[in-house]
Amino acid sequence: MFLYNKKKLAVILIYISFFITIPIIKNESRLIEKKIQIHESTIFLLEKNLLEANLEFQYLTSPAMLSSKIEKYLEQKYNNLELSQIYLNIEDFIFEQKNTTRILTNEKHKK
Amino acid sequence: MKSTKNNKNQKSFFFDDFLETVQKNKKLNKSKIYEDRLYVLFSLFFSLILIFSISIFSISIQESNFQGYKKANYNSPLLRRDVLDRNGELMARNINSYHAAVKPSLIQNKENFILNIQLNFPEISIVNLKKKLRNKKRFYLKKRLTPDEKNKLRSLGEKGIIMEPFQSRVYPHGQLYSHILGQIDDDNYGISGIEKYFDQELGDMQKVKEPLVLTLDSNIQFLIKTELNQAMDDFKANAAGGLLMDVKNGEVLSLVSLPDYNPNIRENISDSKYMNQITKGVFELGSVFKTFTIALALEEKIFSPETKINKIPNKIKCSKYTIGDIHDFPESLTVEDILIRSSNIGALMIARKIGEKKLKNFLENLSLLKPIDFELEEIGQPLNFKWEKCKLETVSYGHGITTTPLQAAAAYAAITNGGYLVKPTLQLKKNLNLEKKISIISKTTSDQINKILRKVVTDKEGTASFANILGYNVGGKTGTSKSYKDKNKNINTFISIFPSNDPRYVLLTILDDPKGAPHLIYNYKNQKISNISRTEAGWNSVYVAGKIIEKIGPILAINNNEVHNTHVVKKNN
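First to last, the sequence lines map onto chains X and S.
At position 33 of the first sequence (counting the first as 1) the number is 33 in the working numbering, and the numbers step up by one without a gap.
When you read off a place in the second sequence, starting at 1, and then add 111, the result is the number in the working numbering.
Worth flagging that the hints you see were computed from the coordinates, not collected in a lab.
Quick reminder that beta carbons are idealized off the backbone N, C-alpha and C, glycines included.
There could be a bad hint or two in this list.
Selected chain X positions facing chain S (in silico; Cβ < 7 Å) [said to hold, decoys possible]:
#1 Ile22
#2 Lys26
#3 Gln58
#4 Pro63
DEER-style ranges, computed between Cβ atoms [claimed, not checked]:
#5 S:Ser216 / X:Ile36: 57 to 63 Å
#6 S:Asp439 / X:Tyr87: 23 to 29 Å
#7 S:Gly627 / X:Phe93: 44 to 50 Å
#8 S:Pro215 / X:Ser41: 29 to 35 Å
#9 X:Phe95 / S:Lys562: 57 to 63 Å
#10 S:Ile160 / X:Leu31: 21 to 27 Å
#11 S:Asn349 / X:Ile70: 29 to 35 Å
Could you put together the complete structure from these sequences and hints?
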């Protein structure tokens with residue numbers, strides 16, 4: 001009888017322990033899944049913002065937009081220069097001008 | 112006492128305490144009843160516990176379903192791949208958007224609702240809205256909402272307005288690639304252009320994070336489009352087109368067709384002037400075909416470039432037709448002069464020496480007579496014709512034969528790149544150089560043709576001097592012809608190759624019915640001239656091509672061998 005009671009008690013105890021531990025484990029895993037979901041949604045929002053920022057960047061840096069901004073905000077115009085018109089310092093420029101003047105005056109005298 | 116075990120029949124008598132026994136039995140009986148009740152209760156609770164345990168266990172092994180609903184809102188994957196140009200610039204992308212639907216049964220105050228909509232969205236027709244509200248069926252109020260519109264509708268606080276999530280396709284460059292990219296429908300299926308041709312690939316969910324890369328260059332596309340727009344203004348043309356292609360591998364860097372449209376604004380476009388002039392437009396391109404005639408003559412070794420053809424008449428009669436030239440040419444011309452000066456009679460005489468069969472085969476090998484295989488749905492079909500009387504003569508100088516500008520440019524690429532066929536392509540591929548090369552003319556002939564095309568631009572008698580841009584060794588051929596549909600309108604073409612000593616690119620410009628531009632100042636033989644009202648290709652298509660090459664040359668990094676004189680920029684104060 002005593003043994004039989006012992007057995008019953010053991011079975012009941014095991015059952016109660018399962019009954020308690022399973023919900024605890026389930027609850028913990030649910031909390032972890034919730035956290036994972038929160039992180040996933042954060043990542044998704046960040047990815048979405050990145051995509052939208054990239055799209056805006058592509059639109060704002062498209063050739064049409066850039067050229068319209070340049071026309072609107074920059075008044076400068078650019079021209080090409082011949083290499084012969086570039087002087088590294090003022091002395092080279094004066095030397096060249098003097099030579100040119102000398103050649104011209106010599107030609108005038110010859111005439 | 113004898114044991115009764117062995118003898119059952121034997122009765123024995125013994126005397127017990129009656130009271131004790133009865134009471135004992137009663138107690139025993141009672142305890143039995145209690146035990147039984149206990150067992151019943153125990154089994155009841157046991158079965159309950161068993162049921163709960165099984166259900167808890169089954170729930171714990173299942174995946175949680177409550178996240179499914181939220182996932183649909185947050186993590187809806189993009190339904191279509193991005194499209195990029197060769198430099199990685201975005202051309203098309205799907206974004207999450209909303210449609211606004213209305214459930215009339217949920218709207219309590221309909222008059223208030225109509226008033227709010229009228230104030231916030233004046234473009235919506237109130238008459239239609241009232242009709243739909245009376246119908247009581249669910250309907251769409253506005254599709255493809257912008258973020259501002261979505262916020263406005265949300266702020267109305269109307270229960271009857273339902274925001275349906277939807278994916279919209281956005282084209283950041285607007286009209287720049289309208290004829291190439293095409294459009295998609297509301298279900299994200301391509302209906303025209305690249306979107307339709309690559310519909311399956313673009314909708315492949317396994318590759319959704321890998322973009323589709325095209326061979327186009329946004330900067331070059333923009334520059335060519337700007338110049339063609341300007342040309343349409345200057346020459347009052349009905350339409351214009353431009354194509355830039357790599358002659359070595361067929362990669363199309365730019366394809367412009369004007370007029371164009373904004374694919375971000377969904378509208379029905381039915382006017383034929385909005386067709387793709389380069390791939391769908393079928394034209395009689397005129398004198399550009401003379402290059403093919405002469406290339407074949409050189410390849411067949413019937414003539415050399417210096418061969419003089421004597422006794423060239425001013426006019427030739429063929430059946431009931433009289434064929435002549437716009438200008439009077441000398442009686443004797445070399446083969447290269449025939450191309451430089453663009454003599455119809457000269458080309459005709461050369462074609463007669465070649466023969467119809469050879470010329471026909473050559474044009475077929477150049478894929479000029481049948482529709483081309485290209486990565487767009489909008490491909491034109493050259494008009495069928497029979498090689499009957501006088502066909503050889505007219506085809507030799509580009510009349511009586513139609514083709515698309517794309518095919519003509521591809522044929523020029525084949526003739527000038529060393530003589531092997533190239534297939535125009537829009538998709539950037541890695542192993543293009545490994546594909547088999549099919550030769551149609553020899554390298555010698557190709558070099559000879561390149562030299563002649565250069566002379567068309569540099570020679571005094573040439574027809575394309577406006578394309579002679581310093582340092583790019585431009586060669587090319589003009590074509591002025593009458594429109595197939597209306598003989599009073601011109602189709603002016605210029606197909607150029609540069610640098611002509613070792614061609615890398617072919618540029619085609621085409622203008623539909625350009626008029627004279629007396630306001631333009633031309634730089635003609637080192638003189639600035641204006642008040643010119645001429646409408647030949649040399650005065651409009653060539654002019655535009657020159658402007659384009661000037662702008663795109665530095666981007667293409669063509670080795671400008673005359674740049675040592677001109678390379679510094681200075682602010683113009």
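For each hint, the structure was consulted:
1. Ile22: holds (5 Å)
2. Lys26: holds (5 Å)
3. Gln58: holds (4 Å)
4. Pro63: Holds, because the Cβ-Cβ distance from Pro63 (chain X) to chain S comes to roughly 4 Å (cut-off 7 Å).
5. S:Ser216 / X:Ile36: 57 to 63 Å: Violated - the Cβ-Cβ distance for Ser216 (chain S) and Ile36 (chain X), about 39 Å, lies outside 57 to 63 Å.
6. S:Asp439 / X:Tyr87: 23 to 29 Å: Check failed, 53 Å falls outside 23 to 29 Å.
7. S:Gly627 / X:Phe93: 44 to 50 Å: With Cβ atoms ~46 Å apart, the hint holds.
8. S:Pro215 / X:Ser41: 29 to 35 Å: holds (34 Å)
9. X:Phe95 / S:Lys562: 57 to 63 Å: Since the Cβ atoms of Phe95 (chain X) and Lys562 (chain S) sit about 44 Å apart, the hinted range of 57 to 63 Å is violated.
10. S:Ile160 / X:Leu31: 21 to 27 Å: Holds: the Cβ-Cβ distance is about 25 Å, inside 21 to 27 Å.
11. S:Asn349 / X:Ile70: 29 to 35 Å: Taking Cβ atoms as reference, Asn349 (chain S) and Ile70 (chain X) lie about 30 Å apart, which means the hint holds.
Consistency with the previously given hints fails for numbers 5, 6 and 9, ordered from lowest to highest.
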